[in-house]
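Chemist: Model the placement of chain B on the given structure of chain A, informed by the hints.
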Amino acid sequence: MSGLEIDNISMRFELPNGGAVQALKDVSLDLKKGELLSVLGPSGCGKTTLLNIVAGFLAPTGGEIRLNGGTVSGPSADRGMVFQQGALFEWMSVRDNVGFGPSMKGMPTAEKREKVDHLLDVVGLQDFKEKAVYELSGGMQQRVSLARCLCNEPDVILMDEPLGALDALTREKMQGLVLKLWKETGKTIILITHSVEEALLLGERLLVMAPRPGRIHKEYRLPFAELGVGADLREVKKHPDYAKTREEILTMIWDMEEEIMGRSEESA
Amino acid sequence: MGQILSDLGGELFVLFVSIAQALPALVGYIAIILLAMTVWRFVRRQMTPKADYTSLKTVTFGDESAVVSDKAASVISIALIFVIWGAFTGSNWLPGMFHAPGPFVGDSSFVYTVEDANGNQDEATVFVSVFEKGAEVPSQEVAAGTGFAKDDFLAVQAYRSKLILWDKNDETNRSEGAKIVSVDGRAISKDNAVDVGFGRVALTDKGTLNFEPGKGWQMENIWLPAPDSVASRLVSVWAEGYQNVTLAEHLSFSLFRVIVGFFLGALVGIPLGYAMGLSDWFRGWFDPIVEFMRPVPPLALIPLVIIWAGIGEQGKIILLFLAALWIMAIGARSGVSGVKISKVHAAYSLGASKVQILRHVIIPNSLPEIFTAARVAMGVCWGTVVAAELVAAEKGVGKMIVAASKFQDTDIVLMGIILIGIIGFGIDVLMRLAEKWLVPWKGKG
Numbered sequence: 023m024s025g026l027e028i029d030n031i032s033m034r035f036e037l038p039n040g041g042a043v044q045a046l047k048d049v050s051l052d053l054k055k056g057e058l059l060s061v062l063g064p065s066g067c068g069k070t071t072l073l074n075i076v077a078g079f080l081a082p083t084g085g086e087i088r089l090n091g092g093t094v095s096g097p098s099a100d101r102g103m104v105f106q107q108g109a110l111f112e113w114m115s116v117r118d119n120v121g122f123g124p125s126m127k128g129m130p131t132a133e134k135r136e137k138v139d140h141l142l143d144v145v146g147l148q149d150f151k152e153k154a155v156y157e158l159s160g161g162m163q164q165r166v167s168l169a170r171c172l173c174n175e176p177d178v179i180l181m182d183e184p185l186g187a188l189d190a191l192t193r194e195k196m197q198g199l200v201l202k203l204w205k206e207t208g209k210t211i212i213l214i215t216h217s218v219e220e221a222l223l224l225g226e227r228l229l230v231m232a233p234r235p236g237r238i239h240k241e242y243r244l245p246f247a248e249l250g251v252g253a254d255l256r257e258v259k260k261h262p263d264y265a266k267t268r269e270e271i272l273t274m275i276w277d278m279e280e281e282i283m284g285r286s287e288e289s290a
Numbered sequence: 019m020g021q022i023l024s025d026l027g028g029e030l031f032v033l034f035v036s037i038a039q040a041l042p043a044l045v046g047y048i049a050i051i052l053l054a055m056t057v058w059r060f061v062r063r064q065m066t067p068k069a070d071y072t073s074l075k076t077v078t079f080g081d082e083s084a085v086v087s088d089k090a091a092s093v094i095s096i097a098l099i100f101v102i103w104g105a106f107t108g109s110n111w112l113p114g115m116f117h118a119p120g121p122f123v124g125d126s127s128f129v130y131t132v133e134d135a136n137g138n139q140d141e142a143t144v145f146v147s148v149f150e151k152g153a154e155v156p157s158q159e160v161a162a163g164t165g166f167a168k169d170d171f172l173a174v175q176a177y178r179s180k181l182i183l184w185d186k187n188d189e190t191n192r193s194e195g196a197k198i199v200s201v202d203g204r205a206i207s208k209d210n211a212v213d214v215g216f217g218r219v220a221l222t223d224k225g226t227l228n229f230e231p232g233k234g235w236q237m238e239n240i241w242l243p244a245p246d247s248v249a250s251r252l253v254s255v256w257a258e259g260y261q262n263v264t265l266a267e268h269l270s271f272s273l274f275r276v277i278v279g280f281f282l283g284a285l286v287g288i289p290l291g292y293a294m295g296l297s298d299w300f301r302g303w304f305d306p307i308v309e310f311m312r313p314v315p316p317l318a319l320i321p322l323v324i325i326w327a328g329i330g331e332q333g334k335i336i337l338l339f340l341a342a343l344w345i346m347a348i349g350a351r352s353g354v355s356g357v358k359i360s361k362v363h364a365a366y367s368l369g370a371s372k373v374q375i376l377r378h379v380i381i382p383n384s385l386p387e388i389f390t391a392a393r394v395a396m397g398v399c400w401g402t403v404v405a406a407e408l409v410a411a412e413k414g415v416g417k418m419i420v421a422a423s424k425f426q427d428t429d430i431v432l433m434g435i436i437l438i439g440i441i442g443f444g445i446d447v448l449m450r451l452a453e454k455w456l457v458p459w460k461g462k463g
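Top line first, the protein sequences correspond to chains A and B.
Residues in the first sequence are numbered consecutively from 23, following our numbering.
Residues in the second sequence are numbered consecutively from 19, following our numbering.
Derived from the structure by calculation, the hints contain no laboratory data.
A portion of the hints provided could be inaccurate.
[Said to hold, decoys possible] Listed below are several chain A residues computed to face chain B (Cβ distance under 10 Å; list not exhaustive):
#1 77
#2 78
#3 79
#4 95
#5 97
#6 100
#7 101
#8 102
#9 103
#10 113
#11 126
#12 176
#13 208
#14 237
#15 264
Every residue gets a Cβ at the ideal spot worked out from N, C-alpha and C, and that includes glycine.
Next comes chain A alone, as it looks inside the complex (with noise of 0.2 Å):
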């Protein structure tokens, strides 16, 4: 089947002082194709831990990842990462970095420059290509991650929240950016984040997950990103459904949020 299978997923290791952490039981989730997914949850309930598993830097302890049909091993070309910061290249141009994974292919450097010279008008970055990474913003860096992974040409796009180090502003930019991309490349994004709004506008499905052990909670369908595809996102969020959803989820994790402290107060 084409599209990316997260198959009863466990996660369980020991930790130095005798105990054992169940960082996921049985995670399940089938994405289609140029679906957009976003995922949601407290701190502790393993959603880095389950994007390090789908993007192979983790092996999980059950259960198994299939992409197109093929079980995922390791890291690869075909699921493209983008991390928070920090992940540029600071020794390379805003050229180099993006045409990163072209070059490790061994393109052709016309071809090559061709490409990146395009994913660089896309995100808005053309005037500058020869520029040193360390010399831009932190909110072009992060259209240069973008950059870097599109330019790749992965299956799967994981963003472990990408938005997160920005400043409101930016990130609101950034979040039309994102839409517009998905839509325009249709690849398979699953992207982590702790705002529940980013979570509601940039979630065509989005996965609310729960900690101790890191499990699904709950998962909604929204028309929120199709909406926001192009458009302003301001008005997005005038959607009666928008409201409404943001404090179901709100109170669901500051429920969450609460049974933890409770818990950590019953054993002390």
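Modeler: This is chain B only, laid out in the frame that chain A set:
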């Protein structure tokens, strides 16, 4: 144990006494610093005031960014060193009015009073001529004068002292019981010397007089040569060499050792550091060795290296190799372990192989750390080579100054020290330039 403690206590006491003696000079120096600051601030207020951002800050005390090195202070500080140096050595570079009082040179006299065995007293004059080192020794006939004590003449070199056998020409002498009771009318005894204005007259155990001309405030050449004599030595040693070895030869031997030793150390140390950073087996294997060898100062290895490799080039290059090796290995190791895991993850998910990640991520990411280590290693190597040459070498700046010290050519010693400082500083400046040029992303990650 108690003996050791009391010995150390004694040493500490001597140290404190020396510090206490140096205290007035220290206080004076600080006073000069503050005075210069006050004067310069006053001068600057008369000029157009600065209008940059920093000048608008109201809080500067404790704001590190507001404290920038004042160029005027640097210039005055360096100039003052030369002024003080020149003043206390009587340098030709400094007008005479700025010189500290020099040693007494010229003619003068003092009068001594003799008492013979019968209690009779008589006076006689000693004519003293103090001459500079290297000048012709003056001689002078003096009339005997009246009475049983006869006048004497004494020629003495500046900074030296001389015995006066006063009774050689007198009508009585020490074996007959005559003795000196006063000099210039002031009573003299073995414990009580007399200052005659241009020098000091002391009575020896045997009853003779010892005259020491006044030394003034200046340093004798052998302790501290004047800056101009150091400079002229530089010119002459550059042109003619010292002990049949030219200065260029001394310098290039030292630099050759440093560069070859450092290069070999880096050649082995960097791959070693990479291996330690990338493989837990290599890390475990070499960690104890590196952690043990790193705190051993390379200078402590000199005797062993001399025993093993002799005093030739090989021994010194081994020493510098060892000095650079551990520093470079540790620098490369921390450069590798310092790579952000998200960079490595990003490279993997962009399809890079292990070799490509090493080449395009790990190595460039470690370069800033390696450069820092290289700067440290070069500094350590330079210090070590000089020290090693002091111990045993045929050529090299260290060898030059230790040979000069044996002949009390203090000006060459000083010149060598200044050259060593300038070259060490130059190496650091070059390394920093190279760093700026080669790893512009340093600290920008």
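Chemist: Under 10 Å is the threshold here; is the Cβ of residue 97/A close enough to any Cβ of chain B for the hint to stand?
Modeler: Hint holds; residue 97/A Cβ to chain B Cβ min 4 Å, cut 10 Å.
Chemist: Just to be careful: measuring from the Cβ of residue 264/A to every Cβ in chain B, is the smallest value less than 10 Å?
Modeler: 32 Å, violated
Chemist: Please check whether residue 237/A passes as an interface residue: C-beta within 10 Å of a C-beta belonging to chain B.
Modeler: 25 Å, violated
Chemist: Let me know if the C-beta of residue 208/A comes in closer than 10 Å to any C-beta of chain B, holds or violated.
Modeler: 19 Å, violated
Chemist: For the restraint on residue 95/A, tell me whether the closest CB of chain B is nearer than 10 Å.
Modeler: This hint is violated: residue 95/A lies away from chain B, its Cβ roughly 13 Å from the closest one there, beyond 10 Å.
Chemist: Per the CB criterion, is residue 78/A less than 10 Å away from chain B?
Modeler: 8 Å, holds
Chemist: Hold the hint about residue 113/A up to the distance rule: shortest CB distance to chain B must be less than 10 Å.
Modeler: This hint holds: residue 113/A lies near chain B, its Cβ roughly 4 Å from the closest one there, short of 10 Å.
Chemist: Holds or violated: the hint that residue 176/A contacts chain B, with Cβ atoms closer than 10 Å.
Modeler: At about 8 Å, which falls below the 10 Å cut-off, the nearest Cβ of chain B leaves the hint on residue 176/A intact, so it holds.
Chemist: Do the numbers back the hint for residue 100/A, that is, is its least Cβ distance to chain B under 10 Å?
Modeler: Since the shortest Cβ distance to chain B is 9 Å, the answer is holds.
Chemist: Would the hint on residue 77/A stand, with a C-beta cut-off of 10 Å toward chain B?
Modeler: 6 Å, holds
Chemist: Given residue 126/A was flagged as interface, is its beta-carbon under 10 Å from a beta-carbon of chain B?
Modeler: 5 Å, holds
Chemist: Against chain B, is residue 101/A within 10 Å by beta-carbon distance?
Modeler: With Cβ-Cβ at 6 Å, under 10 Å, it holds.
Violated hints, in rising order: 4, 13, 14, 15; the structure is consistent with all others.
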